[in-house]
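2 protein chains.
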Amino acid sequence: MVTSVGGTPRTRLRRLPELARTDIDTLYAVLDAALVAHVGIVDAHQPFVLPCAFARDGDRVLLHGSTGSRLFRWLAAGRPACVTVTLLDGVVYARSMFHSSMNYRSAMVLGRAAAVPDDDKEAALRVIGDHLMPGRWDSARPVTRKELAGTLVVALPLDEASVKVSCGLPEDEPEDAGWPAWAGVVPLSLSPGAPVSDDVLPVPPDVVAAWPT
Amino acid sequence: MVTSVGGTPRTRLRRLPELARTDIDTLYAVLDAALVAHVGIVDAHQPFVLPCAFARDGDRVLLHGSTGSRLFRWLAAGRPACVTVTLLDGVVYARSMFHSSMNYRSAMVLGRAAAVPDDDKEAALRVIGDHLMPGRWDSARPVTRKELAGTLVVALPLDEASVKVSCGLPEDEPEDAGWPAWAGVVPLSLSPGAPVSDDVLPVPPDVVAAWPT
Numbered sequence: 053m054v055t056s057v058g059g060t061p062r063t064r065l066r067r068l069p070e071l072a073r074t075d076i077d078t079l080y081a082v083l084d085a086a087l088v089a090h091v092g093i094v095d096a097h098q099p100f101v102l103p104c105a106f107a108r109d110g111d112r113v114l115l116h117g118s119t120g121s122r123l124f125r126w127l128a129a130g131r132p133a134c135v136t137v138t139l140l141d142g143v144v145y146a147r148s149m150f151h152s153s154m155n156y157r158s159a160m161v162l163g164r165a166a167a168v169p170d171d172d173k174e175a176a177l178r179v180i181g182d183h184l185m186p187g188r189w190d191s192a193r194p195v196t197r198k199e200l201a202g203t204l205v206v207a208l209p210l211d212e213a214s215v216k217v218s219c220g221l222p223e224d225e226p227e228d229a230g231w232p233a234w235a236g237v238v239p240l241s242l243s244p245g246a247p248v249s250d251d252v253l254p255v256p257p258d259v260v261a262a263w264p265t
Numbered sequence: 053m054v055t056s057v058g059g060t061p062r063t064r065l066r067r068l069p070e071l072a073r074t075d076i077d078t079l080y081a082v083l084d085a086a087l088v089a090h091v092g093i094v095d096a097h098q099p100f101v102l103p104c105a106f107a108r109d110g111d112r113v114l115l116h117g118s119t120g121s122r123l124f125r126w127l128a129a130g131r132p133a134c135v136t137v138t139l140l141d142g143v144v145y146a147r148s149m150f151h152s153s154m155n156y157r158s159a160m161v162l163g164r165a166a167a168v169p170d171d172d173k174e175a176a177l178r179v180i181g182d183h184l185m186p187g188r189w190d191s192a193r194p195v196t197r198k199e200l201a202g203t204l205v206v207a208l209p210l211d212e213a214s215v216k217v218s219c220g221l222p223e224d225e226p227e228d229a230g231w232p233a234w235a236g237v238v239p240l241s242l243s244p245g246a247p248v249s250d251d252v253l254p255v256p257p258d259v260v261a262a263w264p265t
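In order, the protein sequence lines correspond to chains G and V. Add 52 to the 1-based position in the first sequence for this note's numbering, that's all there is to it. Add 52 to the 1-based position in the second sequence for this note's numbering, that's all there is to it.
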């Protein structure tokens, strides 16, 4: 069970500690709002960072990939990993460039993943599917034994994690208050467009509900 | 000069090599379309992945942070690093979950960064500023010596990079063509909302032009 967020020497925020959040609900919310994580792993002293679809399942994150993927074999072998999720919420225009910045929510999870056992693999894949494509699992063609055998699912516990949230309007130096430049925030959000169909079937209600345009 | 993309053993795509792009223009285009990179670095065998604003400057990427940031001190010291940029372009609904996926463009740059010399720091910061806030540099309050002294700018050459592009409609197994589920793509894009002002000045033309809503 996750009892604290940002509470280890490796996850305590040294820079801008006022942006740190230490409640598990914010960690959950940031992870649940993202579709893609950036996964860090090390090989021969070189870090590699790869984008992966993911989902949170209680107090762990689930990632899936091919059994032929080096990243997933390394993850399943328990190499130290880092899973980082970032939601970009806006561009912050301060009156100085120095205080200009981005608004974002970001979560970082450190640790060693483990392969999800074969008996639990299909349920874990469903959790990922339900996150990325809510309501889709039951209408899609069922997963086959061969597909399951070719898929690795790994779980990384949320035991060691941190969350940063930068939000709100710019904070200028008091002496810059009169500088004659607009200051404010341009909000950014990942927005769905109109679905593009590859056949003549109408877009079903679950897809419309999952991605309201 | 960057002469090839995806051409080293560390950047050659082993999984789904058909997604690899090897032209420098695609590498440039992916980097130029993104505001945030995920930067990987290693400390005591543990990878850390952190989101950073960045910009491309010719055949290098520029990142800036506080001189008090451990990440930036490690980058400036030339530790092996990985800078990954991902643009999420859509959710791909195949008729099977197995072939469902995401559309995305992703670039990965490997190597060792170096600190930008003091004499070039302001010009490098301007490149980053121009990327994140086009047209803003000249109207913002000028950067001070103290702010420059407190900022580290590092450059990572594009010598060793790879680019992956996944786009288009889902590819189902031929035997799934008749499965009675909608198939297609829900496009996703990072979209600006209406600017929120922190004062009574009108939103200026450069901000409106940079973030058309």
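Careful: at least some of the hints might be erroneous.
If we take Cβ atoms under 8 Å as the criterion, some of the chain G residues that face chain V in the derived model are [said to hold, decoys possible]:
1) Leu-71
2) Arg-73
3) Thr-74
4) Ile-76
5) Gln-98
6) Pro-99
7) Trp-189
8) Val-248
Because the hints were derived from the structure by calculation, they are not lab data. Since the structure is predicted, the reported quantities are computational estimates derived from the model, not experimental observations. The C-beta atom is built at its ideal place from N, Cα and C for all residues, glycine as well.
We went through each hint and held it up to the structure:
1. Leu-71: Where the cut-off is 8 Å and the nearest Cβ of chain V is about 12 Å from G:Leu-71, the hint is violated.
2. Arg-73: Result: violated, 15 Å to nearest chain V Cβ.
3. Thr-74: Since chain V brings no Cβ nearer than about 18 Å to G:Thr-74, farther than 8 Å, the hint is violated.
4. Ile-76: violated (21 Å)
5. Gln-98: holds (5 Å)
6. Pro-99: holds (4 Å)
7. Trp-189: Holds: closest Cβ of chain V sits about 7 Å from G:Trp-189, inside 8 Å.
8. Val-248: holds (5 Å)
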